[in-house]
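One letter stands for each residue in the lines below.
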Amino acid sequence: MAARIEVEIPAGAAGEAVIHLAGDWTLGSGPPAGADALDSRLDGVARVGFSAAALGAWDSMLPVFLRALCRALAERGVVVDRSGLPEGAQRLLALADAVPARVGGRRDGAGQRFLERLGGDTLAFLATAGRMLAFLGDAVLALWALARGRARFRFRDFLAVVQEAGAEAFPIVSLISLLVGMILAFVGAVQLQLFGAELYVASLVGISMIRVMGAIMTGIIMAGRTGAAFAARLGTMQVNEEIDALRTLGISPMEFLVLPRLLALVLMLPLLCVYADVMGVLGGLLVAVGVLDISVAQYMAQTWASVRPQDLWIGLVHGVVFGVLVALAGCMHGMHCGRSASAVGDATTSAVVTGIVAIIVATAVITVVCNVLGV
Amino acid sequence: MGCPIIEFVDVHKSFRNQKVLDGLNLRIPRSKTTVIIGRSGGGKSVTLKHMIGLMRPDLGQILVDGEDIAALDGEDLDRIRRRFGMLFQEGALFDSLTVADNVGFPLVEHTALGREEIRRRVSELLRTVGLPGVEEKMPAELSGGMRKRVGLARALILEPEIVLFDEPTSGLDPIMADAIDRLIRDTQAESGRTYVVISHDIRATFEIAHHIAMLYEGRIIAEGSPDEIRRNPNPILAQFLRGTADGPIQVQ
Ligand SMILES: Nc1ncnc2c1ncn2[C@@H]1O[C@H](COP(=O)(O)OP(=O)(O)OP(=O)(O)O)[C@@H](O)[C@H]1O
Ligand SMILES: [Mg+2]
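Chains as they are written, first to last, in our numbering: chain A, 1 to 375; chain B, 376 to 627.
Quick caveat, the hints were computed from the structure, so don't treat them as lab data. Keep in mind it's a predicted model, so treat the numbers as computed, not measured. A virtual CB, placed ideally from N, CA and C, is assigned to each residue, including glycine. Errors might be hidden in some of the hints.
Facing chain B, from chain A, some residues (calculated, C-beta under 7 Å) [claimed, not checked]:
1) E241
2) D244
3) A245
4) T248
5) L249
6) G250
7) D311
Away from chain A, derived, C-beta distances all over 12 Å, residues of chain B [to be verified]:
8) L429
9) E450
10) K512
11) E516
Model the full assembly from the supplied sequences, consistent with the hints where possible.
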């Protein structure tokens, strides 16, 4: 029997109504008959009860319908007495009221308009940038405390990060920079051969590696390796309440956890950069000697002649800036991590994304500044 | 009660739109053991975290010796925090340090003691909490109850003026729980420090407390000495002490 709903207004009880539920209220049975008449029938009613005497089988359709009904009635200021409902339905309704819908639990992202999403993402990006600035401010304060000899941090922690972020990154930095040097040389050689200017491959590889590419490649490697590790480590400490425990001991986590990581990375990233530069030039050399018939001495002389000292300095500046950015992105996302295991995963991902975006933006800024300054 | 060492004045705290503390007024007497009881999820841990400035109230004041810590930060807050020790509900041990380094951490950071002396004190305290010989283990190698006792040792090692214990005996076997309760009672009696304990163990509460406060729906609904609490006619408190599911407190 199909679902039916009827309103009875008992004589003598002013402003009261009883809603009769009848038939089978299942998802397959279609919309209940009589629902469209509810609105007019309940006009002027102040109190509503239910009767389920004729109710047959029911599934989730019943609580869903009742919840919408109760909401609409509550909005009108009608008092709803649920005691006439089946006990199971009452409990389900209580449960639905007690637990607010999880924010973000519903997947309606696809329905968002493009502009809306773009706006949301832009705001999120600005918020991250703002938090990063605030975090940078705190880090500067901690550095100031360190300069006055008042910061607490263990030199041992600093060395551990130097070891992990520096020495252990050698193999991957070697591989990537060597390959990038070779790729630059190959791609450049194809063009330069057209003019018979193969020798300038040395200048191309030397200047681009030493001035920016070495730093960018190292920065990106470190964002993926060390920035992610910082975020995971600090995020886990946050989940585990270790950071709170530090705070209760009167120790600033900024000084104790962030400073050693920041300093170690600011020290190691430029050093790794120099190493990456060497590997990149070596990669170019391999291609030049192997494919282009340029001698080692010629290649080195050309590199030496075309790379100016300021190229090296600018490369190192990139390295220092990237060190700060990668360390801050990693530590910030770790320290602001939510209190669950999945939040640690999110923090790690965000640390890498923020780190890489920051590296690219910073490169653009430095390039423009160098251009304006004419170096 | 004399001059309280910690005082909550009309403290409100919400997470999203969930009200956890709703105008909480609470006075923690100096040099006594105060036990806070209340329902699971009722905001006891949140209250404790407010005392030490890990959380900030949305509204209201938290006075420690008359100084409002809700308004402090940086150095000033750290100075006050160094008067506290805290045992976290989940232990909150430093995962990358051994048990001995965990317990000795406050000594290394805040005192000028030598390494030998620190080792000696750490071993002694670990024996007192029933964990001899675990010094070189990592926290991940310990059971939940063992972690809690290591956390307890870390909270006590500096002999701080105020110690906050978040459920020191939950998750322990009854014999160990009783031993820890005795440890808390005896060290308090010996040192005359201020202890604040959160507990679900009603029997132990009456054994260790000088002062009991019941937190319900974000406020203190009853407080007083153990005798006063036993005689208190409040039906909610009575149901809680009886520990039955029927009464004014509804389990939903
Ligand atoms: N950091 C937080 N973010 C959001 N909500 C929180 C946070 N901390 C606590 N809450 C909420 O505050 C309420 C009280 O939590 P609290 O941990 O104080 O309970 P409790 O009384 O200690 O319970 P238990 O006896 O189970 O430990 C809970 O409903 C919890 O969901
Ligand atoms: Mg708790």
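Checked hints:
no. : hint : result
1   : E241 : 4 Å, holds
2   : D244 : 5 Å, holds
3   : A245 : 4 Å, holds
4   : T248 : 5 Å, holds
5   : L249 : 6 Å, holds
6   : G250 : 4 Å, holds
7   : D311 : 41 Å, violated
8   : L429 : 5 Å, violated
9   : E450 : 9 Å, violated
10  : K512 : 17 Å, holds
11  : E516 : 15 Å, holds
In terms of the numbered hints stated before, the structure departs from hints 7, 8 and 9, listed from lowest to highest.
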